[in-house]
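Listed in order, the protein sequences are those of chains P and H. The opening residue of the first sequence carries number 2 in the working numbering; numbering runs sequentially from there. The opening residue of the second sequence carries number 2 in the working numbering; numbering runs sequentially from there.
What the hints contain is simulated information worked out from the structure, not anything from laboratory work. It is possible that part of the hints are untrue.
Identical copies go unnamed one by one, so any copy, or any two together, can satisfy a pair.
No more than 30 Å apart at the CA atoms, straight line, and that leaves these computed lysine-lysine pairs for DSSO-like [to be verified]:
| hint | residue 1 | residue 2 |
| --- | --- | --- |
| 1 | Lys167 | Lys22 |
| 2 | Lys179 | Lys208 |
| 3 | Lys65 | Lys22 |
| 4 | Lys63 | Lys152 |
| 5 | Lys41 | Lys179 |
| 6 | Lys88 | Lys149 |
| 7 | Lys115 | Lys41 |
| 8 | Lys29 | Lys41 |
| 9 | Lys115 | Lys63 |
| 10 | Lys152 | Lys65 |
| 11 | Lys208 | Lys167 |
| 12 | Lys152 | Lys22 |
| 13 | Lys167 | Lys179 |
| 14 | Lys88 | Lys65 |
| 15 | Lys115 | Lys29 |
| 16 | Lys179 | Lys75 |
| 17 | Lys149 | Lys29 |
| 18 | Lys22 | Lys88 |
| 19 | Lys149 | Lys65 |
| 20 | Lys65 | Lys208 |
| 21 | Lys167 | Lys29 |
| 22 | Lys22 | Lys115 |
| 23 | Lys152 | Lys115 |
| 24 | Lys65 | Lys115 |
| 25 | Lys179 | Lys65 |
| 26 | Lys63 | Lys88 |
| 27 | Lys115 | Lys88 |
Below, each chain spelled out in residue letters.
2 protein chains.
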Amino acid sequence: MNIVLLDPRQTESELWSITSKRQLEHLKQHIDIQVGNTLKVGIREGLRYSTEVVEVTEQIVKLKPIQIEPVPAKLPVTLIVAMPRPKVLRRLIMDSVTLGVENIILLHSYRVDKSYWQSPFLQQLDQYVTLGLEQAGDTVAPKIEIYKRFKPFVEDVLPSLMTAEKPAYVAHPYAQSKMPFAIEHACTLLIGPEGGFIPYEIDLLVKNGCQAVSLGNRIIRTETVIAYSLGRLFGVS
Amino acid sequence: MNIVLLDPRQTESELWSITSKRQLEHLKQHIDIQVGNTLKVGIREGLRYSTEVVEVTEQIVKLKPIQIEPVPAKLPVTLIVAMPRPKVLRRLIMDSVTLGVENIILLHSYRVDKSYWQSPFLQQLDQYVTLGLEQAGDTVAPKIEIYKRFKPFVEDVLPSLMTAEKPAYVAHPYAQSKMPFAIEHACTLLIGPEGGFIPYEIDLLVKNGCQAVSLGNRIIRTETVIAYSLGRLFGVS
């Protein structure tokens, strides 16, 4: 937690209040927060501030805003990822948010176990987003969408996410072309499930305008390949 | 598991044998292995083969080697990372191995909890390396070293890991320079603990020849920053 994210309603009076149990615990256990400390605070969907701690009790920490700080820029990327195992979902969302992904789409695919869509974790995406934003020092949540049918998504929705200035790349170990690096434009990035997209899916994606690109001959896990690809694509920034 | 990693002793006769419980379970549950299937196999520290399954029982799978396949190249990088929480260690080693890191050094640092060095997970590094190699399709383990004292390491060991052709970069959110991208040479990469290296440590690293470099104004978790940095640094390959 590198900033404390507050709801706008918590910042309506002159002094702001932290009342979330999770945030209070973190501030006491990890930071040993004291009156007079400086604390970085973000307002959800709003600005980021440096604040001064003016009161610390069991139930509340009160803050006085001091100065506006810059909110980090997003990466101009729409990340489309095959729905991962529930255990992986949390980390994947957190990391994608931390890295600054602008839009996230969770997609069904042949090798996605249908049971994953029943996971209670899907109801907790907002918590993972908050953790990712607090890690990064960001305040603006990405848009997250869910598409449970592969073909209609690829044929009817995906083309609208692509333009000449915003190409779509699908990571595919057996592609001939390599994933580009240090691009200076937006893109859509598709990452398959464990075991990869099946050939039919790759064909359909390519037919609908995606470029299949390889990261070399190592096979990398979904959650790792996201960070690796984003570093490669947006290394220039 | 994208290859099955065998000990050289398991490949001494004409037919090779898989007898590890973990590997047999994976092959039966995830791949539903049958006689006649093709299976990718690597010999630890040796070659990689395409093989044919010739026998499947409860206790053993027997294979006939068919053809040599290329082992993926390593990234020319020595990764020096502050000892992470035990929970993170497993994933960090696995991912670093999967991504092809050549040498890994686990280092103490001021913000590393001393208890981390007592973790039983430290005795299991070889298991995590195996999982990382099997994920990547690699056969060659990186060298892993442990240094429990920061200053002697930085002053006496680190300089020997750097040359004009192999600079050392320490990721530091407050550095003025940015981390380079798409480099075409080897490097040493230092990643701090959660909370980062302290200013004294950064100063000592810089005094001993490291370049402090930033990844922008997002603060990224240790395990995520490794994949992100490697993608950025070696995006060209």
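#### Entry: Hint numbers not upheld by this structure, sorted from lowest to highest
The structure conflicts with hints 1, 4, 9, 10, 12, 14, 19, 20, 21, 24, 25 and 26, although it agrees with all the remaining ones.
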